[in-house]
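Colleague: Chain by chain, the residues:
Protein chains: 2
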Amino acid sequence: MERTSCGILRDSNKGEKVLLKGWVQKRRDLGGLIFIDFRDRSGIVQVVFNPEVSKEALTIAESVRSEFVLEIEGEVVERAEGTVNEQLDTGNIEVVATDVQILNKAKTPPFMIEDETDVAEDARLKYRYIDLRRKEMQETFLIRHKTTQVIRDFLNQDGYLEMETPILTKSTPEGARDYLVPSRVHDEGFYALPQSPQLFKQLLMMSGFEKYYQIARCFRDEDLRADRQPEFTQVDVEASFVTKEDIMNMTEGMMKAVMKEVKGIDVNVPFPRLSYEEAMERYGSDKPDTRFGLELVNISSLVKNSGFQVFEKAVASGGQVSAINVEQQADQFSRKDIDQLTEDVKVYGAKGLAWMKMKDGELTGPIAKFFGKEEASSIREALNAKEGDLLLFVADKTSVVHDSLGALRQKLGSRLGLIDHSIFNFLWVIDWPLFEYNEDDGRYYAAHHPFTLPAAEDEQHILDRPESVQAEAYDIVLNGYELGGGSLRIHERDLQEKMFEALGFSKEEANEQFGFLMEALDSGAPPHGGIAFGLDRLVMILANRTNLRDTILFPKTASASDLLTNAPSKVDEKQLDELNLELNKKK
Amino acid sequence: MERTSCGILRDSNKGEKVLLKGWVQKRRDLGGLIFIDFRDRSGIVQVVFNPEVSKEALTIAESVRSEFVLEIEGEVVERAEGTVNEQLDTGNIEVVATDVQILNKAKTPPFMIEDETDVAEDARLKYRYIDLRRKEMQETFLIRHKTTQVIRDFLNQDGYLEMETPILTKSTPEGARDYLVPSRVHDEGFYALPQSPQLFKQLLMMSGFEKYYQIARCFRDEDLRADRQPEFTQVDVEASFVTKEDIMNMTEGMMKAVMKEVKGIDVNVPFPRLSYEEAMERYGSDKPDTRFGLELVNISSLVKNSGFQVFEKAVASGGQVSAINVEQQADQFSRKDIDQLTEDVKVYGAKGLAWMKMKDGELTGPIAKFFGKEEASSIREALNAKEGDLLLFVADKTSVVHDSLGALRQKLGSRLGLIDHSIFNFLWVIDWPLFEYNEDDGRYYAAHHPFTLPAAEDEQHILDRPESVQAEAYDIVLNGYELGGGSLRIHERDLQEKMFEALGFSKEEANEQFGFLMEALDSGAPPHGGIAFGLDRLVMILANRTNLRDTILFPKTASASDLLTNAPSKVDEKQLDELNLELNKKK
Chain X
204 MERTSCGILR DSNKGEKVLL KGWVQKRRDL GGLIFIDFRD RSGIVQVVFN PEVSKEALTI
264 AESVRSEFVL EIEGEVVERA EGTVNEQLDT GNIEVVATDV QILNKAKTPP FMIEDETDVA
324 EDARLKYRYI DLRRKEMQET FLIRHKTTQV IRDFLNQDGY LEMETPILTK STPEGARDYL
384 VPSRVHDEGF YALPQSPQLF KQLLMMSGFE KYYQIARCFR DEDLRADRQP EFTQVDVEAS
444 FVTKEDIMNM TEGMMKAVMK EVKGIDVNVP FPRLSYEEAM ERYGSDKPDT RFGLELVNIS
504 SLVKNSGFQV FEKAVASGGQ VSAINVEQQA DQFSRKDIDQ LTEDVKVYGA KGLAWMKMKD
564 GELTGPIAKF FGKEEASSIR EALNAKEGDL LLFVADKTSV VHDSLGALRQ KLGSRLGLID
624 HSIFNFLWVI DWPLFEYNED DGRYYAAHHP FTLPAAEDEQ HILDRPESVQ AEAYDIVLNG
684 YELGGGSLRI HERDLQEKMF EALGFSKEEA NEQFGFLMEA LDSGAPPHGG IAFGLDRLVM
744 ILANRTNLRD TILFPKTASA SDLLTNAPSK VDEKQLDELN LELNKKK
Chain S
204 MERTSCGILR DSNKGEKVLL KGWVQKRRDL GGLIFIDFRD RSGIVQVVFN PEVSKEALTI
264 AESVRSEFVL EIEGEVVERA EGTVNEQLDT GNIEVVATDV QILNKAKTPP FMIEDETDVA
324 EDARLKYRYI DLRRKEMQET FLIRHKTTQV IRDFLNQDGY LEMETPILTK STPEGARDYL
384 VPSRVHDEGF YALPQSPQLF KQLLMMSGFE KYYQIARCFR DEDLRADRQP EFTQVDVEAS
444 FVTKEDIMNM TEGMMKAVMK EVKGIDVNVP FPRLSYEEAM ERYGSDKPDT RFGLELVNIS
504 SLVKNSGFQV FEKAVASGGQ VSAINVEQQA DQFSRKDIDQ LTEDVKVYGA KGLAWMKMKD
564 GELTGPIAKF FGKEEASSIR EALNAKEGDL LLFVADKTSV VHDSLGALRQ KLGSRLGLID
624 HSIFNFLWVI DWPLFEYNED DGRYYAAHHP FTLPAAEDEQ HILDRPESVQ AEAYDIVLNG
684 YELGGGSLRI HERDLQEKMF EALGFSKEEA NEQFGFLMEA LDSGAPPHGG IAFGLDRLVM
744 ILANRTNLRD TILFPKTASA SDLLTNAPSK VDEKQLDELN LELNKKK
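These protein sequences, in sequence, are chains X and S. Counting in our numbering, the first sequence runs from 204 upward without gaps. Counting in our numbering, the second sequence runs from 204 upward without gaps.
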């Protein structure tokens, strides 16, 4: 007899004999009968043990507890009136057991297998095989499976070849910290686990494969935040002879397919595009959540000559003044509330948060007096301020204004319930700077990575005006999360050398680290570009989760431990000897 | 204008204007014209530069060399009579260039980009991006891509979920040597790279996912042979509530689909099954190549009382005598030839190779005199010996007889041209022993791994007669290569504990290493089993390659080096300090 899945049984199966295999979700004894909620991957069905049908089966059923693994034969019957369970897809029917076998016993689980659990995450991770039985976890990994298949199908149809690049590769100091793997064969030799397949995928373009993709594991030995893992999965794509438009169109097609197949949602393409500067000016973020308003408005030009010193000075010293109009919230925010918001923006380096309220057609509040009639009117107009609105201002260095108001905007959006969680707002951020200046190190770093192509018109200024050079780069953003990013790449050796020079590499260092790339660029390298995005994060958003660890089967904790297998752990002295390693206890 | 692929142009495209992008394969100057064999991923087309069409284009063409990257506009025209190139799919037409642009220059490549190359492999690996441009390499990775997609489609349709297990995991001493990854956060802590996802896939069964697969990277720090790599790719499958038949049927369906889609070949299912014992007895191998005969025949019972001491003794001391009939080769093998074969079998521990030839209806040769008429006749019959046949005998310990005659059979099969390279012979080897005794260590090891289910009827003898216990295991073999193997797994804690005991683990050791598995087995573990097979090797066979490195984009050498990026390599002192490691120079 063929096995039947529990979750698919319906009215139409009435009278059928079925063979079920799965787990006891719950057992209830009632009036001489035993009811078992019986679960497999497909769902739950109620099984009834009735002494009039089989005394033997009932006797066995009396000995089973939650999570026992059973094989049950029975017949599908309609439920008696009044016992239909609307909560269950199978709730119109039940299975009357004629035979049952215990395939395996189970100890009492450390926690209940149910959604909306408040079990501590450490326990969930230690007993991951229990945690993963919960419905929401099962659904998340079904979404993950579907998402990867849709992505693959899309790319396969578009002529992309799935290709595997090495995990044991070379350490490159630029970028995040590498995980290292000591070599047993090569004295003092170490492999590194790849932070991304970036160089290999570029080499594949130089190998003439033209269209590459990989769902690739990547590794970064960084101090972990809630949304970071030591190993993560990246959808990695690269193509030759392409424009930015080609890669962006391809990505939009892929995301549209994912949204349709996985969520049943039609998203419009092309996605909106914001320049990096516009994103920062309007949203105070390079990954803006556009599901709600509360946009930043730069009023520097309106207030640069106001009598209000704080505003004047900020503008005069090269900074700016921007504001958010929190509509209709003037009465909802007390001074104390605003004091709290002020504390919030101080975290981002802002010296304060100025505010005004629209009352009786006028701007009111402690700073209102500094603005003349015309100024006040132009501020109102710029912010489209109406009766009852609350206006919040930050005057500071531009980066502080953006960071603090961007964070404040996101906070207020959540707190005021302005975010529609049913929508998915994709957008592109383009026109990125090529370099980032690091004040601590006193040098420029690549804003994306050192292989990004500068805009053709800026190329000449890589060395003399690096801060002004734009990159042929594009980031894709979904609901305020950076999903991924890409760029066209440098395909000419001369330019790549200039880029390394701008990043402070000596010729020797560049050759030592990237000599193979330079040679490959000299071998007939086609123009190429690509994109990479985080699969874990995409799945997190698609599955309506907020914890990245819920999208990874066996994740690590914030201290990079696997609580289930207890990794990392000590190894035998013999293993260290073979690797010619000594642990330095002085640490 | 949209780009057109070079390799698809045919007669039917005559008169079309096309935009090509790709590489100069070869340039020839002839009678004032320039001919370029122009290559992209799809193939090669001839492009003609004619001063009467465009002087500018011709001038540019004069400056290009092999592997320059060009963009060419032109028109597809019929080739003049007598200039059709039958070697090229596009050989009926050529493209007359109207415009050309150099997208990138190229230095003279270190070797020619052509098949049947005799370039040293080290050079091919160092300049892998050149090597990969060769047609046979491009085709191999197209086969690899197709193969993985067919496998995924097959498993997706069968309800399997693709799932990702960790790469940073726990070191387990049983098995091959682990690659280790030092932890920066945990004092003296190391991760290990997985030798396979075995335990995680079993945990996924205990997590209720029922059907899992992964195309998984695996790692073994072993001394490399030609067909081993430090990292390799495994198609890894596991399912719950299954029988051996279920897994074998699924695998047969998958292989049938791969052969059909990738090679256009219909293979018959079910595949033949041989018990381990039968495979060893008939082919002297646990991965027999059944594309040719030369089967071993055990004649122990026929010769155990012959006057020939060598045969008698071998049988009497528990060994055996087996023979191969090399049909119609009596005259082709001189004494000297046979002496050489004798040297070959000695490598496998055989003390000698006895032989007889069928001449004039009689067995002849130095040992023929030892056999009476009846014995000789029974030997002839057993070996189906006919006039002109050469019979080769080994008498020794059973394992030596199998190993030496198995190797001899394979060698003769190749040498005599008996192997039909157009056929694909899949088969199963079943009924494996659960344990292997290691004489050096004086203990039993798991023949597959410690999680393999013993046959139900043998379970009771795990501790008292381990050598007699059979495993619920199956290996799949293709043309003499072990493609992969699988088994049903132990799903009950008691049995798993007994298994560890049989392998010499103390209770503490078993718990230290596998405590999490024991607990999971106690949590409601379903019966489960699976299979894993080497993707690299499968692709090697499908692509008619003999070197596993040709199926991996960026493989390592025999000393586990990547000659392209120069990994492994030294790392900064700072990196070692962060890991609290010291290199022990005493080695």
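By construction, these hints were calculated from the structure, which means they are not laboratory data. From a predicted model like this one, the values you see are computed outputs, not experimental measurements. For each residue, glycine too, the CB sits at the ideal point set by N, CA and C. Hints are supplied without guarantee of correctness; some may be wrong.
Unchecked claim - Here are some, though not all, of the chain S residues that point toward chain X, as calculated from beta-carbon distances under 7 Å: (1) Q290; (2) G294; (3) A713.
Stated by the list, open to error - Sample of chain X residues at the chain S side, in silico, Cβ under 8 Å: (4) I305; (5) A309; (6) R336; (7) V353; (8) F412; (9) G467.
Colleague: Are any of the numbered hints broken by this structure? If so, which, sorted upward?
Modeller: Failing hints, ascending: 1, 2, 3, 4, 7, 9.
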